[in-house]
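> For reference, the chains in residue letters:
There are 2 protein chains.
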Amino acid sequence: MSKIHNFSAGPSILNQDVLKKASEAVVNFNNLNLSILEISHRSKDFVAVMDNAVALVKELLEVPQGYSVLFLQGGASTGFLKTILNFMKENGNGAYLNTGAWSKKALKEAEKLGSLTVVASSEDKNFNYIPKGFSVPDNTDYLHITTNNTIFGTQIKNIPTQENTLLIADMSSDIFSRKINVSDYAMIYAGAQKNMGPAGTTLYIVKDELLGNTGRTIPTMLDLTTHITKGSMFNTPPVYPIYVSMLTLEWLKANGGIEWIEKINQEKADLLYNEIDSNPLFEGTAAKEDRSNMNVTFVLTDESKKAVFDSMWKEVGISGINGHRDVGGYRASIYNAMPIESIQVLVDTMKKLIN
Amino acid sequence: MSKIHNFSAGPSILNQDVLKKASEAVVNFNNLNLSILEISHRSKDFVAVMDNAVALVKELLEVPQGYSVLFLQGGASTGFLKTILNFMKENGNGAYLNTGAWSKKALKEAEKLGSLTVVASSEDKNFNYIPKGFSVPDNTDYLHITTNNTIFGTQIKNIPTQENTLLIADMSSDIFSRKINVSDYAMIYAGAQKNMGPAGTTLYIVKDELLGNTGRTIPTMLDLTTHITKGSMFNTPPVYPIYVSMLTLEWLKANGGIEWIEKINQEKADLLYNEIDSNPLFEGTAAKEDRSNMNVTFVLTDESKKAVFDSMWKEVGISGINGHRDVGGYRASIYNAMPIESIQVLVDTMKKLIN
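Protein chains in written order, with my numbering: chain A, 13 to 367; chain B, 13 to 367.
Incorrect hints may appear among the rest.
No copy labels: a pair is met if it fits in one copy or bridges any two.
As the list claims (entries may be wrong) - Simulated pairs of lysine-lysine, DSSO-like, Cα-Cα distance not exceeding 30 Å:
1. Lys32 - Lys56
2. Lys137 - Lys242
3. Lys300 - Lys120
4. Lys300 - Lys32
5. Lys364 - Lys120
6. Lys117 - Lys101
Hints in this document: simulated from the structure, not taken from any laboratory.
Whenever a hint applies, use it, and build me the whole structure from the sequences.
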């Protein structure tokens, strides 16, 4: 079979060795002669998976004391809700930076269930840049940001920390891709299905001492304290997505961790953006200083080339680069597991397109 | 390797052919040369999985027109919450039948977020029976039941339908094990990890016309209407748990569906209960007429035999039959995928225990 170059925006490419181990565990996990899918989540073998996954997150991201690491369900969309219930005081106000479709969904939820302040927005230019120089009003309970915008291909390069402001970040599409200072954040959450593993689990990193202060009655499953107390095992966790996440984090650690991947991600992004900038047939859609190292969005300068280019990339086994309908053109998602060789194949194809 | 007889209460045994296909799809799904874990949930290949899974549920359970079938996240514990938000009117009241640990968690959530009426409870006898002959007050919005109680080994044999009462059932541990009349219910929900698939997705079957009547502001992800409108794809669904559920439902259909499995489940349960009743060294813990065909709970009549019996069943490859701490003794979970041969091994071991 021919090699597929998988530029899918998410669920997205995973490391091949991880997938091989993940496949084996479905028929025989840990030589138990049982599938990982059919063992109790309270068995010592799965408890070890959960413990290891949590430990890997703590080690890779250098999570400080006082933070809990949780593997929950519900995706970032449930994270929007958990943000409000766990951090917005009753009759309080959440500050939101509006940088794209997912930021907007986050703030819509705050609009529905509480009240909010949009501190800045790039909606005026179809979210092709990251607003800067805004300030967060004192009377807000937190500032919510989306660190990487998959659809629009932008990424926050300078995290807008502000004294006395609790920072909450949806890092679904760039967690584990670059160094972060966890201590800057009250809470980080991230759906697994880009850099961490398959769809079905959502990572939370939360500063324990900040919880329990909203005055709200929080439903049991949405109260982060529930899950902290029970080590993500209040109810049956999504066993397999957590297992594959653990394998992915093991792969990341074995190769050199965040420092290693951040350097490679920069090389990968540079390779593709350099082609976009030097090839007159292509044009990036995001402001240069805000370009995402995870999702590279670009368009043809001459739309009449579309049919030819589309057949060219399909021919070489490239998959998943059609742009989101909100931007059009192309989006190459180059997450951690994407090898630079696949990006080279894309770049070579772009070079072959004749003016 | 020796055969393991997996009596785990959940996550629990899955069919071996299902596991083999599930394992293959992790390295190469549908001959795409991509893993099912790394394709877009909006790809035609995964949309076909979702559509097929929904169609199989509808066919196997003969779901009538007007009901939606959803594959969501969060487990039955989130189902407790969705029940309240989608069916309990603001300032309304939910009726609950208290038949075990999970019923109790369901009603505790109602206590926390609304108000409730416990119509009957078997807590007086450590939940070893199913209360009968109760009535549901007119001023309640629904009756919530747990059809099978995994911990205590009881199962509701006669569903307490009552005219003008919306019936909501947590069927996590016996869905697809016997014929049900979906039209009896306003909503059915069930965590996958017993009879349907691996942990990580929760099935909802809901009567559409009953939604939208509570007067509550429902958070987006907890509003069933959100997911009905988007066909369980409002956000990224738990792709792999849904895929393995689809494979399991295909296996069930190919073998003869609910009628076939119900008959086999009865034979399996009879085999084990007959041994419990005829062997003086064992005693069932649940009232005979309420015995579960999914979870068979029993104790030794002479506790001094415990060490010997435990070493005997371990010796023959039996796994997962330690009872829950709330009941003690043993619990043999004999879900759909459990072959009668494994139950025979257990029965043979019980017979070999000498008085």
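> Any of the earlier hints contradicted here, and which numbers?
Of the numbered hints, 4 and 5 do not hold.
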